[in-house]
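S.K.: Chain by chain, the residues:
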Amino acid sequence: MQYMLLLHHDDTPFAAASPQDQETMSAPYMAYNEALIKAGAMVSGERLQGASSATTVRVRDGRTEVLDGPFAATKEQLGGFYIIEAPDLDAALNWAARCPSANYGTVEVRPIWPTR
Amino acid sequence: MATGVERARAAAEAAARQSYGRLVAYLSARTRDLAGAEDALADAFAAALSRWPETGVPDHPEAWLLTVARRRSIDQQRRRMTGEAGQAHLRLIGEELEQEMAREKFPDDRLGLIFACAHPAIEAGVRAPLILQAVLGFDAATIASAFLVSPSTMGQRLVRAKSRIKQAGIPFRIPEKAELGERLSAVLEAIYAAFSEGWTDASGAESRRRNLASEAIWLGRLVVDLLPGEPEALCLLSLMLHAEARRPARRGPSGEFVPLSEQDTLLWDAGLIGEADALLQRAGALDGIGRYQFEAAIQSAHAARRFAGRTDWAAIATLYAGLMTLSASPVVAVNHAVAVAYAGALEQGLALLDAIDDTRLNEYQPYWAARAELLTLSGNLAEADKAYQLAIGLETDLAVRRFLKRRRGDAASRSGQVSG
Chain A
1 MQYMLLLHHD
11 DTPFAAASPQ
21 DQETMSAPYM
31 AYNEALIKAG
41 AMVSGERLQG
51 ASSATTVRVR
61 DGRTEVLDGP
71 FAATKEQLGG
81 FYIIEAPDLD
91 AALNWAARCP
101 SANYGTVEVR
111 PIWPTR
Chain B
1 MATGVERARA
11 AAEAAARQSY
21 GRLVAYLSAR
31 TRDLAGAEDA
41 LADAFAAALS
51 RWPETGVPDH
61 PEAWLLTVAR
71 RRSIDQQRRR
81 MTGEAGQAHL
91 RLIGEELEQE
101 MAREKFPDDR
111 LGLIFACAHP
121 AIEAGVRAPL
131 ILQAVLGFDA
141 ATIASAFLVS
151 PSTMGQRLVR
161 AKSRIKQAGI
171 PFRIPEKAEL
181 GERLSAVLEA
191 IYAAFSEGWT
201 DASGAESRRR
211 NLASEAIWLG
221 RLVVDLLPGE
231 PEALCLLSLM
241 LHAEARRPAR
251 RGPSGEFVPL
261 SEQDTLLWDA
271 GLIGEADALL
281 QRAGALDGIG
291 RYQFEAAIQS
301 AHAARRFAGR
311 TDWAAIATLY
321 AGLMTLSASP
331 VVAVNHAVAV
341 AYAGALEQGL
351 ALLDAIDDTR
361 LNEYQPYWAA
371 RAELLTLSGN
381 LAEADKAYQL
391 AIGLETDLAV
401 RRFLKRRRGD
411 AASRSGQVSG
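Sequence order for the protein chains is A and B.
Heads up: the first sequence begins at 1 in the working numbering, then just goes up one per residue.
Heads up: the second sequence begins at 1 in the working numbering, then just goes up one per residue.
One chain only, chain B, in its complex shape:
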């Protein structure tokens, strides 16, 4: 149970975050000066996070933040300006502003801001970090640690991207219908990238990375709220919620890795799964099918195990086959082969795995782990052992390494061999 203090802090943070993104968007939408807007709000945001847990969230959070931000910049001005006339003038400006702030309703330009951050003229790798900073107010150091790059590198990339938005005149707006699909997929890709970074840290040892997954879900909800008729946005959120629902089951009591097939379905979050399935259904009623719809449907099929008691691998194999028609990713091809094998066609699955021609797979741990599993099932234990060895060598997560070693030992003991 969260204490009252924690609840107050969480409420303050949520409100500040909502307001922060809105204000950055509002202040930068016309000038395209993202850095300037962030500078103006930095102090105000910090003040809100320290004061709101005690005072409660104000009635007009945006007005509060903007007033504080303006007051700070007036303070700075005051230090530069001397003389009675200057003081009186500034006091007047301050009073006027506060009156204006109290009644002003702020338009929500956050989606336009997100589209600017994920514009094709912005380097793909910096889009997700830029969204996290501009919309959620993350500092460069936090983003850097989540994306595993040095703070100075991340800082430079963010600064460069922001000056590019300003100089090149990248617009803050929702693209027209004709280009919305392509542009939205860049936005969704950036959100998914943030989610995946957070998801990789299964143990939750690095809270910054774990938070990234919940921030990505928050952004996913925002996009769904603002574009409720876009099936791919609904499905990305559905996909992320399905994954999030299984988080409590991904690790055992002593931190050991638990693969999906062995997870205790009672530990899955039924509320999140319900929400995820409802989103998928909503998307199904709309026109158009995309990669996230297939991926969400695959997650939904896995989640159905909690009622059925078994996994419908044939359905999953069909969904992966559908996904393959949209995406040439070797990762999808590996998952398809595994699903085919588990659906009963073991040899066919192995043949599909062999047929994937992509050198990137040589360094892809799940490929070797999948190969090892399927070879073990088919009784080819010598080859399975080699594949396990490669998978273990490629894995950096200690818990997953221990799991793979255990599997390798189990397979070896079946043949009477001793694993080396």
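Just chain A, with the same shape it has in the complex:
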């Protein structure tokens, strides 16, 4: 099965950090990516620009509304995602627990809708 790991965390400390500190903070993700690839579990994964760069769009009654800012105004914001291949939920939860974001934010695990 494929699962998406949605990484929610407070991204302000990262944004405020010096480039050098940002590199240090990114190191655990590099190691995590390596582990996913080595296990053959990595399908894809991306880090997103900070929530302050988000724009939301919705169309109501034929009118397009564009708003600056993320969908929900909460402290923990979607900061990135992985799509992984895992045999079952337990395996996916294991990967989620190893994700660096789980230590300071929350990782949501969602099965991908099967299309076949």
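It should be emphasised that the hints constitute simulated quantities derived from the structure, not laboratory data.
Some hints could be false.
[Unchecked claim] Here are the simulated EDC-like cross-link-like pairs (lysine to aspartate or glutamate), alpha carbons at most 16 angstroms apart as the crow flies:
1. K166(B) with D33(B)
2. K166(B) with D39(B)
3. K177(B) with D287(B)
4. K386(B) with D410(B)
5. K166(B) with D90(A)
6. K166(B) with D88(A)
7. K75(A) with D10(A)
8. K177(B) with D90(A)
9. K386(B) with E363(B)
[To be verified] To give an idea of the chain A side of the interface with chain B (calculated C-beta under 8 angstroms), a few residues:
10. M1
11. L89
12. D90
13. G105
14. E108
All values derive from a computational prediction rather than experimental measurement.
No residue lacks a Cβ here, since even glycine has one placed at the ideal position from N, Cα and C.
Using the hints, position chain B against chain A.
M.R.: Just chain B, lined up with the frame of chain A:
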């Protein structure tokens, strides 16, 4: 004495139930489609319950059930398919299946199924109902009446949980050693929840709820059979058997409530107590101690009254103190305080009771009843009367209410007061 017909029915039910759970587990283990497996077996299970009491349990009950289930679905297919070729094809499939069924041995995946039902990704409140349905074949209405919720609510919760198992990919397997402890405790908790629901109905007026206690024991035995080296599983079964052994003594001849301390020990089931104590001993020889081990040991200490003639409250107080180190439950704290008081330290017991700081106790009948008893013993009859009044107001079981009223009257007459 059970008649031959009753025995045949009981044997058929037991065999059907064993087979039903195995087949649900077998059919859903790979697909994780619990609802689909249940649908496929529903008719077959009903047919077995009506036919096996007459014909006897077949040599291969699982094969029988699976054959009937497949035949029904082929019948349904047949209605959709027309033409000679289709008919012949279906007949062939049917014959092949029956041959295959007769020799196939089914792996027992029931424990994996139970672990899926009690997975942390499944809402805690629906785990016990889900196990009862998936492993024992209870319908939603029966489970709903046992758990005192509406059938439609229970039906929805079960459907939601099943689709969650399928969609989220919850595995049907026994967890690895590292997480087995935590996951097993969720399973045991669900079984204990089912038992407690059945146990609450002491009068046995609602047979569905009483059955729940025996079903929980059946599940407890199943887990012990499949995981014989897990002390907490052994101790949960021991605990349930101890409680079950006292069932005949819990009510008097006219249905009145009889508290543990006044029960006629000759009415206790010695066979069950023996089995329960043997399980506790087996667990004691294994590594690790948990809440059920303390709870089973407490029950065993109560059961020892039938030989000793008196209850060793000091030992019980020590066991509750041990249990408190594992569980912060206010209920355990109340029982500990009572045991300390009965062990001879009445004032200390009352002080412990006072020291429990938990607002949930305000609506907990046993807390007020215990308080009333201890206050009566200490001679504080005015306060005791208030506590009895609260306990009576909180109790819904009529027999227990009558008992508490009698106690309240006894206490009041000691002081010459008239209870209001």
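S.K.: All hints are to be evaluated individually against the structure, with a verdict given for each.
M.R.: Do the hints match the structure? See the list:
no.	hint	result
1	K166(B) with D33(B)	holds (6 angstroms)
2	K166(B) with D39(B)	holds (15 angstroms)
3	K177(B) with D287(B)	holds (14 angstroms)
4	K386(B) with D410(B)	holds (14 angstroms)
5	K166(B) with D90(A)	holds (13 angstroms)
6	K166(B) with D88(A)	holds (10 angstroms)
7	K75(A) with D10(A)	holds (6 angstroms)
8	K177(B) with D90(A)	holds (14 angstroms)
9	K386(B) with E363(B)	holds (14 angstroms)
10	M1	holds (5 angstroms)
11	L89	holds (5 angstroms)
12	D90	holds (5 angstroms)
13	G105	violated (19 angstroms)
14	E108	violated (12 angstroms)
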